[in-house]
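Read off the chains here:
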Amino acid sequence: MIAGRDTRTALRSLVGDEYVADDLATFSDVHPASAVVVAPATTEEVQGVMRIAVGAGAAVVPVGGDAAPRCGSDDSRPTILVSLSRLDAIVEHAVDDLVLTVQPGLRFADARDAVGEHGQVVPFSPPHAERATLGGIVACAAEGAVLSAYGSVRDQVLGMEVVHGDGRVSHSGGRVVKNVTGYDLCRLYTGSHGVLGIITELTLRLRPDERSACRLRWRFDRLEDAWEAARTLHHAQPYLFALHVVSSLGEPPNAAVVATLRGEEDLVEALGDACWALDLAAGERDVLAPDAVGEIDDSAPRTGTHLRLGVLPGAGDHLLQILRRRLPPGADVVLDARTGICDLRHEDPAWLDPVEEAALGVDLEPLHAQVDRPSDPGFHERRLALFPSTRPGGANIMRTLMTALDPHHVLNPGRYEVTR
Amino acid sequence: MQELERLLGRERCLSGPGQLVAYECDALTHFKSVPVAVALPQTTEEVQEVVRACVRLGVPFTPRGAGTGLSGGAIPAPGGIVIELSLMKSILVVDVENRLAVVQPGVVNAHLSTEVGEHGLAYAPDPSSQIVCTLGGNVAENSGGPHCLKHGATTNHILAMRCVMPDGEIMDLGSPVAGGSAGLDLRGVMLGSEGTLGIVTEITCRLVPMPERVETLLATFDTMAAACSSVSKIIAAGIIPSALEALDDRTIAAVEASVFRAGYPADATAVILVELDGHPAQVAAERRRIEAIFQDVGAIGIEAAKDADHAQALWKGRKGAFGAMGRLAPDLYVQDAVVPRSKLPEVLPRIGEICDELGLQLANVFHAGEGNLHPNISYDGRNAQEVERVVEAGRRIIDLCLSVGGALSGEHGIGLEKQGFMHLVFSADDLETMSRVRAAFNPGELLNPGKVLPTPGACAEVKPLHQLPGAPS
Ligand SMILES: Cc1cc2nc3c(=O)[nH]c(=O)nc-3n(C[C@H](O)[C@H](O)[C@H](O)COP(=O)(O)OP(=O)(O)OC[C@H]3O[C@@H](n4cnc5c(N)ncnc54)[C@H](O)[C@@H]3O)c2cc1C
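Residue numbers (my numbering), protein chains in the order written: chain A, 637 to 1056; chain B, 951 to 1423.
Any given hint could be a false lead.
What the hints assert, rightly or not - Covered by chain A, according to a simulated footprint, are these stretches of chain B (three or more residues, beta-carbon under 8 angstroms):
#: 1; region: 1081–1095
#: 2; region: 1183–1192
#: 3; region: 1225–1238
#: 4; region: 1314–1324
#: 5; region: 1357–1366
#: 6; region: 1371–1377
#: 7; region: 1385–1397
Claimed, not checked - Distance ranges between label pairs, derived from CB positions:
#: 8; chain 1: A; residue 1: S848; chain 2: B; residue 2: D1306; range: 45 to 55 angstroms
#: 9; chain 1: B; residue 1: P1393; chain 2: A; residue 2: R687; range: 19 to 29 angstroms
#: 10; chain 1: A; residue 1: S649; chain 2: B; residue 2: D1349; range: 35 to 45 angstroms
#: 11; chain 1: A; residue 1: A849; chain 2: B; residue 2: D1306; range: 46 to 56 angstroms
#: 12; chain 1: B; residue 1: V1043; chain 2: A; residue 2: R648; range: 54 to 64 angstroms
#: 13; chain 1: A; residue 1: T645; chain 2: B; residue 2: S1353; range: 40 to 50 angstroms
#: 14; chain 1: A; residue 1: A910; chain 2: B; residue 2: P1393; range: 49 to 59 angstroms
#: 15; chain 1: B; residue 1: G966; chain 2: A; residue 2: D732; range: 49 to 59 angstroms
#: 16; chain 1: A; residue 1: G966; chain 2: B; residue 2: V1005; range: 51 to 61 angstroms
#: 17; chain 1: B; residue 1: T1405; chain 2: A; residue 2: R687; range: 28 to 38 angstroms
#: 18; chain 1: A; residue 1: D915; chain 2: B; residue 2: L957; range: 26 to 36 angstroms
#: 19; chain 1: B; residue 1: A1378; chain 2: A; residue 2: H954; range: 44 to 54 angstroms
#: 20; chain 1: A; residue 1: A910; chain 2: B; residue 2: S1353; range: 43 to 53 angstroms
#: 21; chain 1: A; residue 1: I726; chain 2: B; residue 2: E1307; range: 35 to 45 angstroms
The hints are simulated quantities; they were obtained by calculation from the structure and are not laboratory data. We treat Cβ as the ideally placed atom computed from N, Cα and C, and that holds for glycine.
Kindly generate the complete structure, drawing on both the sequences and the hints.
See the structure below:
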């Protein structure tokens, strides 16, 4: 449903006529949506939008780079899409402290380029890396290939400013790398999919860029052999930057193990030699550029279906067997052998139907799973079938937290199965 | 008391005045409050029973590990009981393949690393109190340690936990699988919540492989500013050692005169203790770069540990520093604050000036690589005037750290000690948000009341509150 005339008028007087539109494409290069779109430029304007939404009984859906599906929207309510495209500044880059403070709408790619000039990296490798925004990555806790080397998205967030559902703004954390002052709400907001508030400022830990990098690839005819080789490498070489099994689950089966090496030049050289010396019973093997096999770094497809599953790393072989047995063929698989996170991509948006999702869920008890179909704007991320049952008490606390920070239930209604 | 004895038996309920007095404070001895009883449960279910009894009877309850906390977190509320978890000390699972362990909260930090050492694994966070403090206490405080610079603090190593919530419900938070569990990260909020959101009864933690190579360097400086500037430069150069610690001359003198003698150079004004770990090639390259920085800022000596025993001796001095300083005067005030690493050369001398002006004995030993300062002031608590000056110094040091963009606490927590300072960092709305979050977990506030958030009046009976930095007057 589209927000009413009064809501529009109120929004226009808040942010100016040119920053209220009916079409998301006005503020972003992604698909249009049928709702009113507003692009605030300050934290105060975001607070104002929230108050207007409360007054109008509208839902508020924050949108960053629109890299993650806007799942679970409740179409029965008028919706205000809050584009964060104008909140895209670097607030402070404390170069010598390796700390970056930004507004949420800053694109990952822009931040990466800016800190890259100082030999530093933003320690994320999000799906849709070119268009994802830092606020969106944090709100979705969008993990990627650097997880095992740098830690999770949550581990990188040092401080936050958030506008809650009642328009109040609050801060947690700070701008230093170690801090136990008060409750760690940054972790709570990270991965909360915007149900507790809209992030309006973020402070992140940066990492030094590694001086040297490359990828090594071993090819295998059988997926099982690739898995075995990956585990051998994992145990023999703890200093790899990342380690992945890459395959398309087709016939004939093909699989490769890709080890990412990063660090001081001497390290990369020594590790490369040590890896080559291992007998992994592989077919061909080659040395690649650090950004080769791009699907490792950006796991999401532009079109089709994306399914992410997570298991304990030691259960990776079990996961691969089930995928081969249960899934219709043709999906590309990238399994992080050190974290157990597995991304599956398929060109066909209808590749995976709910029955299969559920079957997967039963066998694996995957603790993390999400499906997204970028080519299908009408499709909403389906979490229900795959998510483990949260203990009822946990769900109660989550519900209470959501009500405490969004008393009028305006923020991303329906986003979580934990319905209010 | 009768209820507790019925639940746990007589041996695991303490009520004699001589027994209870041991629980009147933690390692921050300014605050004191004697509990009405102490319960020593052995299982999650027993914790649950004790909590349910407290809820039924409206009695406040405070969890306690080893009582080494430095912000008063384990001190019971007036009229309340202590639930001590030190008997829950089993290591339940060691999963070598997935590099994780499941332990009870009373397991002593260092004990876990010793036990998993045979598999070539270790538990990384290493608070200086690690031979005594418990993992439950570490989780509650989100404790740090010298090696957390590279490997991360407690929160980075805890995957999941089982908790008894304030209403007695048993809940599992987090997940051992990377990428996390469904929904909001309740595990993340529980970490560092100082025992105010739930009682942790089982912990699933990450284990890390033992490094292939470790090198320990000691650089000596004739000014603290030069020592700090080497730290800032190492960080700015993008090198992340596993540890980067600083000690000043007073600390060195105290250590060298104690059983923790490490052989630090007697003529040094400051030393920097660096440890590098990892692949030998990486360690060697980083060592070259760090030595060049030390030379550049004018180190008067650089010494590398000759072997593991030598390295251990150097660490013994660092880890025993608080204990050694305890001998200098009847009381020791351990401050804990953080500044951006680039501000160390500017801030350290100013802390010295503050203490000089107030005529106080300052000794610094700190996690320099993280900008986490521990200015320690030796004093005599029986001298009221001196206590007042210590309070004033604490306040000025905090103001100074906050003025350069720092934080109120890096690892010791807020507890009872720093509630009065929270408004310097957080607005009323910030604190309101935190108190709503607490209420979602702990609505009746029977669990460890009066900690973390400023709640004037809540601890009015705890004495001598008025003596403390930031105490509501
Ligand atoms: C000499 C010395 C050196 C120290 N060095 C360091 C250091 O390097 N780094 C550092 O971070 N700290 C350090 N500390 C502080 C202290 O050791 C840590 O905070 C430690 O984690 C406390 O553990 P504990 O078992 O003693 O907990 P306690 O002091 O018993 O309790 C601490 C807090 O945790 C809560 N708690 C305890 N167990 C549980 C549980 N199972 N569930 C829920 N809440 C619980 C208590 O209620 C209390 O609020 C040092 C202290 C001393 C005395």
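Hint by hint, here is what the structure shows:
1. Counting residues of the region 1081–1095 of chain B whose C-beta sits closer than 8 angstroms to any C-beta of chain A gives 3, which meets the bar of three, so the coverage hint holds.
2. Check result for the region 1183–1192 of chain B against chain A: holds, 6 residues qualifying (beta carbon to beta carbon below 8 angstroms, three or more required).
3. Figure legend: the region 1225–1238 of chain B, annotated as covered by chain A; annotation consistent (8 residues with Cβ-Cβ distances under 8 angstroms, at least 3 required).
4. Remark: the region 1314–1324 of chain B is confirmed as covered by chain A, as 4 of its residues place a Cβ nearer than 8 angstroms to a Cβ of that chain, reaching the required three.
5. Counting residues of the region 1357–1366 of chain B whose beta carbon lies closer than 8 angstroms to any beta carbon of chain A gives 8, which reaches the threshold of three, so the coverage claim holds.
6. Counting residues of the region 1371–1377 of chain B whose beta carbon lies closer than 8 angstroms to any beta carbon of chain A gives 4, which meets the minimum of three for the stated coverage.
7. A count of 6 residues in the region 1385–1397 of chain B with a Cβ less than 8 angstroms from any Cβ of chain A is obtained; the coverage claim is therefore met, three being the minimum.
8. The hinted window of 45 to 55 angstroms between A:S848 and B:D1306 holds, with their beta carbons roughly 48 angstroms apart.
9. The hinted window of 19 to 29 angstroms between B:P1393 and A:R687 holds, with their beta carbons roughly 27 angstroms apart.
10. For the pair A:S649 and B:D1349, the beta carbons lie near 42 angstroms from each other, so the given range of 35 to 45 angstroms is met.
11. The supplied range of 46 to 56 angstroms is met by A:A849 and B:D1306, whose beta-carbon atoms lie about 49 angstroms from each other.
12. Roughly 59 angstroms separates the CB atoms of B:V1043 and A:R648, a value that falls within the hinted 54 to 64 angstroms.
13. For A:T645 and B:S1353, the Cβ-Cβ distance of about 44 angstroms falls inside the hinted range of 40 to 50 angstroms, so the restraint holds.
14. Range check, A:A910 to B:P1393: Cβ separation about 56 angstroms, and the 49 to 59 angstroms hint holds.
15. The hinted range of 49 to 59 angstroms is satisfied by B:G966 and A:D732, whose Cβ atoms lie roughly 56 angstroms apart.
16. For A:G966 and B:V1005, the Cβ-Cβ distance of about 56 angstroms falls inside the hinted range of 51 to 61 angstroms, so the restraint holds.
17. Take B:T1405 and A:R687: their Cβ atoms lie about 29 angstroms apart, and the range 28 to 38 angstroms holds.
18. At about 59 angstroms, the CB distance of A:D915 to B:L957 disagrees with the hint of 26 to 36 angstroms.
19. Distance hint for B:A1378 and A:H954: a CB-CB separation of about 52 angstroms, consistent with the stated range 44 to 54 angstroms.
20. Hint check: A:A910 to B:S1353, Cβ distance near 49 angstroms, so the stated range 43 to 53 angstroms holds.
21. For A:I726 paired with B:E1307, a C-beta distance near 39 angstroms keeps the hint of 35 to 45 angstroms intact.
Of the numbered hints listed earlier, the single one contradicted by the structure is hint 18.
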